[in-house]
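As they're listed, the protein sequences go chains A and B. First residue of the first sequence: 90, per my numbering; consecutive thereafter. First residue of the second sequence: 104, per my numbering; consecutive thereafter.
Treat the hints as calculated values from the structure; they're not laboratory data. Where is the CB? At the ideal position from N, CA and C, for every residue including glycine. It is possible that part of the hints are untrue.
[What the hints assert, rightly or not] Label pairs and their computed distance ranges (CB to CB):
| no. | chain 1 | residue 1 | chain 2 | residue 2 | range |
| --- | --- | --- | --- | --- | --- |
| 1 | B | Gln154 | A | Ala439 | 52 to 62 angstroms |
| 2 | A | Ile285 | B | Lys120 | 55 to 65 angstroms |
| 3 | A | Arg92 | B | Gln154 | 20 to 30 angstroms |
[Claimed, not checked] A short list of chain A residues far from chain B (calculated; beta carbon distances all over 10 angstroms):
| no. | residue |
| --- | --- |
| 4 | Asn101 |
| 5 | Asp120 |
| 6 | His135 |
| 7 | Glu139 |
| 8 | Phe222 |
| 9 | Arg225 |
| 10 | Gly237 |
| 11 | Tyr268 |
| 12 | Asn303 |
| 13 | His318 |
| 14 | Arg321 |
| 15 | Gln324 |
| 16 | Ile328 |
| 17 | Gly407 |
| 18 | Ile411 |
Next come the chains, spelled out residue by residue.
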Amino acid sequence: MTRLNAEEMVLNMGPQHPSTHGVLRLKLKTDGEIVSHIEPVIGYLHRCFEKHGENIEYQMVTPFTDRCDYLASMNNAHAYAMAVEKLMGIELPERVEYLRIIFAELQRIASHLVAVGTFGLDVGAITPFIYCFRERETILDLFEMASGARLLYNYIWIGGLAHDIPPGFVEKAYEFLDYFDDRVREYNRILTGNKIFIERAADVGVMPPEVAINYGVTGPNLRASGVDHDLRRVQPYSIYDRFDFKTIVGQGEMGTVGDCWDRYYVRVLEMEESAKIVRQALDQLPAEGDVQAAVPKKIRPPKGEIYFRSENPRGELGYYIISDGSNVPFRVKMRSPAFCNLSVINEIGAGWMISDVIAILGSLDIVLGEIDR
Amino acid sequence: MTEAAIYDLLAEKFGDKMVEFLGEEKTPIAVVQPAHMHEILTFLKTDEHLQFDSLMSLSGFDLGGAEQPLGVAYHLHSMSLNHYFAVKVLLEDRENPKLKSVSDLFRTADWHEREAYDMYGITFEGHPDLRRILLEDDWEGYPLRKDYVQAEFYRGMKIAKEK
Chain A
90 MTRLNAEEMV LNMGPQHPST HGVLRLKLKT DGEIVSHIEP VIGYLHRCFE
140 KHGENIEYQM VTPFTDRCDY LASMNNAHAY AMAVEKLMGI ELPERVEYLR
190 IIFAELQRIA SHLVAVGTFG LDVGAITPFI YCFRERETIL DLFEMASGAR
240 LLYNYIWIGG LAHDIPPGFV EKAYEFLDYF DDRVREYNRI LTGNKIFIER
290 AADVGVMPPE VAINYGVTGP NLRASGVDHD LRRVQPYSIY DRFDFKTIVG
340 QGEMGTVGDC WDRYYVRVLE MEESAKIVRQ ALDQLPAEGD VQAAVPKKIR
390 PPKGEIYFRS ENPRGELGYY IISDGSNVPF RVKMRSPAFC NLSVINEIGA
440 GWMISDVIAI LGSLDIVLGE IDR
Chain B
104 MTEAAIYDLL AEKFGDKMVE FLGEEKTPIA VVQPAHMHEI LTFLKTDEHL
154 QFDSLMSLSG FDLGGAEQPL GVAYHLHSMS LNHYFAVKVL LEDRENPKLK
204 SVSDLFRTAD WHEREAYDMY GITFEGHPDL RRILLEDDWE GYPLRKDYVQ
254 AEFYRGMKIA KEK
């Protein structure tokens, strides 16, 4: 009688695999269906962002930041612009600040829509994905109106914006918000409370808060673990202290605090909060103001260094910029949120089945563009 | 606590293991001796008045030139007390830069140290799995060093020159 083979098997998931959200390879050690170890292999999308940054002028780095987290280009450029502005001590016109908030929060909604939709897709629900992309298209229409592009905008410049919003933009934005108000109820009906979805997501891949903090996990993933930490609140940058919104924290309604379902639901509720911020910003938007008024003719920050971080849809995005006083950055380091969020996967994913690893990876909402940079 | 107050506390405890405090930077940062960096970071993490439980970022950098050193900057944040501090070390030895790993204190450091090794060739002693992370395993040289010379070929493929 032949014995069953009882050794562990190494299974390569990726680099080309639809559920890896990009070009990511996971080396899984499997014992039957159970995964005992996960080793992410990254770098397939490395485009030398930091090396490029050291060879081009400050304002030329902005389009490169767009391409890092390509689902949240506005937020990337926003953080980079704020970092350089702080280094140079630039004061912005009110109108620029408000418009930036509007774009950053719309981008957050768009990014979370992709996260929510693709997470549904990962666990086998196709319809919500189509719904989410329908809404995202409307947001991209707004971005196209303002910047001319739908994915990579180069719209937020150091010291201002590329150009002012066109006539009719504000009305269109209000129209979108009115339309979006009811959408979250729709996602909840089709996905959030769905029995199969809950079975797949609740109690799976629980991330305890101390693990999350130790691994540097930030953003919705950290908040889903029950940690009330949102940079827009904790260390308000730009003009976030003027808006009324809630920090969404995971409650463990369907299972344990910090499971996949919580990570999903935090994003759903955050979209509502972002919509609230956009509405307030539109209400308060100053009618007058030149968006190019504070754009410097020459960008030469004084000698020095800065670490600036902001709350991106995926978590804390940090820029560490060293200036030697010239018009070219001496060092640009990007601390990307998804890089840290992915590093936790072995900790929370080992011991689960292969299909659960897909759900856990989907719930972390990674973008390989900013992991590999 | 403000950065200056934290530095005073450290200077009192560690004396000349701290080199200097750059308070005029936009992000104030303390320079410490590389040999004592791990000890100081352990104190920052475990002291009850400081409680720096989160390492936001670990960045390698190169000040350039033949005599200028490489370095590593650590940006810390305390989730519970909500304050910030930054520490950096300068490594004089360009040929064989060595530093103690802090991945035992902060798991964030695991991948970030691999990245610093990948880009600057800084060896982190005590790191569980120190190898390249973003570049190919057989890549030659450390691209973010200021004296890096771009190779002409990689596995027989010509590498396009930047202008």
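Which of the stated hints cannot be reconciled with the structure, identified by number in ascending sequence?
Structure breaks hints 1, 3, 6, 7, 12, 13, 15, 17, 18.
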